[in-house]
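Starting from the known structure of chain A, arrange chain B on it as the hints suggest.
Sequences listed follow chains A and B, in order. Under the working numbering, residues 1 to 113 are what the first sequence spells out, in order. Under the working numbering, residues 1001 to 1114 are what the second sequence spells out, in order.
Treat the hints loosely; a few may be bogus.
List of simulated lysine-lysine pairs, BS3-like, C-alpha gap at most 30 Å [what the hints assert, rightly or not]: (1) B:K1042 to B:K1101; (2) A:K57 to B:K1071; (3) A:K9 to B:K1101; (4) B:K1071 to B:K1101; (5) B:K1056 to B:K1042; (6) B:K1101 to B:K1056; (7) B:K1042 to A:K57; (8) B:K1068 to B:K1056; (9) B:K1042 to A:K9; (10) A:K57 to B:K1101; (11) A:K9 to B:K1068.
Since the hints were made in silico from the structure, they are not lab data.
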Amino acid sequence: DSGVTQTPKHLITATGQRVTLRCSPRSGDLSVYWYQQSLDQGLQFLIQYYNGEERAKGNILERFSAQQFPDLHSELNLSSLELGDSALYFCASSVGTGEYEQYFGPGTRLTVT
Amino acid sequence: GESVGLHLPTLSVQEGDNSIINCAYSNSASDYFIWYKQESGKGPQFIIDIRSNMDKRQGQRVTVLLNKTVKHLSLQIAATQPGDSAVYFCAENRVMDSSYKLIFGSGTRLLVRP
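Excised from the complex, chain B in its bound form:
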């Protein structure tokens, strides 16, 4: 299948363990922060978002934490499964030139060991 082959930081975890993927952002004016998952050969897929006035949001097996003081975003995946193997991108919904744009971070590759 297709793969981008980006030179990305890689997180390797044992199946069943929890995963934590981190992201630093630069723009304090962004109103939403989002996590996307990109499996090999596919386009990115929305996972979860968090509004800038929140510090935690939970979904199904995923939790996003936002620390505005240090401009840090993290994605926690509970009981990591082989199907979680993918590249994970954080993104900011940012106003630029009077319109909203989705600005993606550089991504982290998650490898799940059986």
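Chain A on its own, in the form it takes in the complex:
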């Protein structure tokens, strides 16, 4: 158990809808990272927050957004969903910023129908 929690575990929704994925980092970790893992793209970095502020951005679509709250939990919002957004979404955390030793949660499986 990495200490990172993600909810929900599974999510099934229709195209055009909006969903919110939630992540709680390990106790004491200030950074939260979001990744997308799909069949054809592997693990892709989306975005990082550090202590409430956006720190780094990867291949995140404009339809996607994230935030980190004062209690350090984070939410990833996915809107106008398309079939191609179906994937596993992982949250990871680390103590500082830019760290490569990251602790990953169990993921949220999103299925868009």
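Okay, now just chain B, sitting in the frame of chain A:
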């Protein structure tokens, strides 16, 4: 359990044998190279890292080799066990747009035969 079902190269080894998983990287500017292990239904888990100015680093039953000349990274697992069955990803810690990002390779699936 959950599985990604990626179309990955697969390495099949006999339990007790040594495994070697290879990875090619593209960016010479990366300062660290890292190996992650992803078991079925779980998120990736950090295994070992190597700094770009080193060519070998050993951990518990694992060794990482870095050949900067040919931009090649390998993970050696000694006395492979059934619990080693997983997908293994190499990753680079790379500066992009003034911030560090973890860039993952495509992964190799390791199957351990009993």
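Find the hints from earlier in the document that the structure breaks and name them by number, from lowest to highest. Those not satisfied come down to hint 11.
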